[in-house]
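Asker: Counting from 1, one number per residue, gives the positions in the sequence shown under the numbering used here.
These are computed hints drawn from the structure, not numbers from a lab. Errors might be hidden in some of the hints.
Computed spacing ranges between beta-carbons, pair by pair [as the list claims (entries may be wrong)]:
#, residue 1, residue 2, range
1, T259, S173, 18 to 24 Å
2, S80, V311, 18 to 24 Å
3, L27, V144, 18 to 24 Å
4, P256, F230, 56 to 62 Å
5, G258, M226, 25 to 31 Å
6, R72, K345, 27 to 33 Å
7, V55, S217, 16 to 22 Å
Just so it is clear, the structure is predicted and the values come from calculations on it, not from any experiment. Glycine residues also receive a C-beta, built at the ideal position from the N, C-alpha and C atoms.
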Amino acid sequence: VGVLHPLATESSKTANFNECSWMENELTCTGIDPAAGRLAMPYHGITLTLIAELVSVIFAFAAVCYGEGSIRRGVRRLLSRKAMLQLLPVGAVYGLGDFLQTQATNAASAPVVLVVGQTKLLLSALLSKLVLKQTQQTNWLQLVTISAAAAASTDISASGAVVSRGVELYGASLAFGKAFLSSSGAVISESLYKSGDGDFFVVSFRVQLIMLMTSLSLLPITSGDMSLLFNPREFFHGGPAVCEQLDGQLFCDPDPSGTCTCYDRSGWDIMTVFAVLAIVANGLTTGLTLKILSAVSKAVCNSLSACVLYVAYVLCGYRSFSVAQASVMLIVSIGSFQYAVEKAKGKAVVEPKQKTEQLEGWEKGYP
1 VGVLHPLATE
11 SSKTANFNEC
21 SWMENELTCT
31 GIDPAAGRLA
41 MPYHGITLTL
51 IAELVSVIFA
61 FAAVCYGEGS
71 IRRGVRRLLS
81 RKAMLQLLPV
91 GAVYGLGDFL
101 QTQATNAASA
111 PVVLVVGQTK
121 LLLSALLSKL
131 VLKQTQQTNW
141 LQLVTISAAA
151 AASTDISASG
161 AVVSRGVELY
171 GASLAFGKAF
181 LSSSGAVISE
191 SLYKSGDGDF
201 FVVSFRVQLI
211 MLMTSLSLLP
221 ITSGDMSLLF
231 NPREFFHGGP
241 AVCEQLDGQL
251 FCDPDPSGTC
261 TCYDRSGWDI
271 MTVFAVLAIV
281 ANGLTTGLTL
291 KILSAVSKAV
301 CNSLSACVLY
311 VAYVLCGYRS
321 FSVAQASVML
331 IVSIGSFQYA
341 VEKAKGKAVV
351 EPKQKTEQLE
361 GWEKGYP
């Protein structure tokens with residue numbers, strides 16, 4: 001499912017890109033070539049995030065109400081002010097992170113977004129040292145190697161992309177921002193899923209509701225105002241500027257000294273619905289993973305999914321196979337896997353030692 005999410009989001013990029021500019025008093029356009037042109041999301045990116053979070057909230061609400069036996073008891077259990085405030089930072093971080101991932105995938109390719117996401121291992125280690133003051137030994141050299149390989153993968157992808165190098169690097173920077181948010185919230189969310197209320201769907205409802213509220217608060221920034229919510233046609237059928245057509249040619253009218261961009265279509269389609277379902281499934285499985293396993297185990301799964309995604313990405317025809325790109329992604333995946341396993345072993349050794357020291361201290365203080 002971790003592979004399905006970015007792949008489905010990539011598949012929802014079904015609009016073809018066209019760019020026009022004035023050259024010597026003549027309008028020149030790149031033209032739309034579905035085989036070689038740039039593909040982008042034909043809808044407002046925030047709508048994908050909003051609908052996915054809304055579906056997750058409804059699903060979790062229904063599951064809790066079914067378990068409680070009535071809607072009234074379900075509402076009473078779910079809407080706890082103390083619990084909502086406790087989860088507020090986690091939900092806000094993940095809500096912003098979901099939006100950044102959607103925008104990153106729209107600008108860059110899905111493999112770049114996923115491989116840059118592996119830098120969260122380094123970010124998590126830094127945050128643990130600086131904020132949590134953890135004393136467990138960290139293999140910094142391996143983390144730097146993973147991060148450097150991720151940067152190399154991004155550079156290779158940007159060099160061979162049909163989009164401009166700047167657009168691909170912009171997408172990678174958004175993916176890095178998403179990695180930072182994920183690393184900030186992973187440990188907190190793990191402890192909350194494993195403690196507190198004890199019911200997965202209760203915690204999931206509260207987190208998803210806060211994520212939905214965060215996405216709604218982003219509307220004035222992403223779309224200029226809140227009018228998108230009150231205009232269903234624009235919500236589902238709107239998107240980037242659609243090209244005008246004259247004598248079978250698609251074009252837009254730029255300023256005399258600039259350029260303009262347009263797309264051949266806008267609005268949701270079946271691939272957008274598929275992307276929503278993939279995001280919902282990914283959110284549920286992530287929460288279940290953190291409840292049953294640890295954040296380290298989840299990191300192992302993420303590290304292995306990068307290679308699987310690249311194979312699927314090439315087989316689906318989104319980009320031609322590159323030996324350099326595949327090799328670097330393999331280095332990132334192996335490095336991430338080794339680090340996660342090494343950290344898990346280190347944690348298993350440290351915890352019994354700490355318990356022994358606590359017992360020894362108790363014996364010394366006993367009269």
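Asker: Would you mind marking each hint as holding or not holding in the structure?
Answerer: Status of the hints after comparison with the structure:
| no. | hint | verdict |
| --- | --- | --- |
| 1 | T259 <-> S173: 18 to 24 Å | holds (22 Å) |
| 2 | S80 <-> V311: 18 to 24 Å | violated (44 Å) |
| 3 | L27 <-> V144: 18 to 24 Å | violated (49 Å) |
| 4 | P256 <-> F230: 56 to 62 Å | violated (36 Å) |
| 5 | G258 <-> M226: 25 to 31 Å | holds (30 Å) |
| 6 | R72 <-> K345: 27 to 33 Å | violated (48 Å) |
| 7 | V55 <-> S217: 16 to 22 Å | holds (19 Å) |
Going through the hint list in order, the structure does not satisfy hints 2, 3, 4 and 6.
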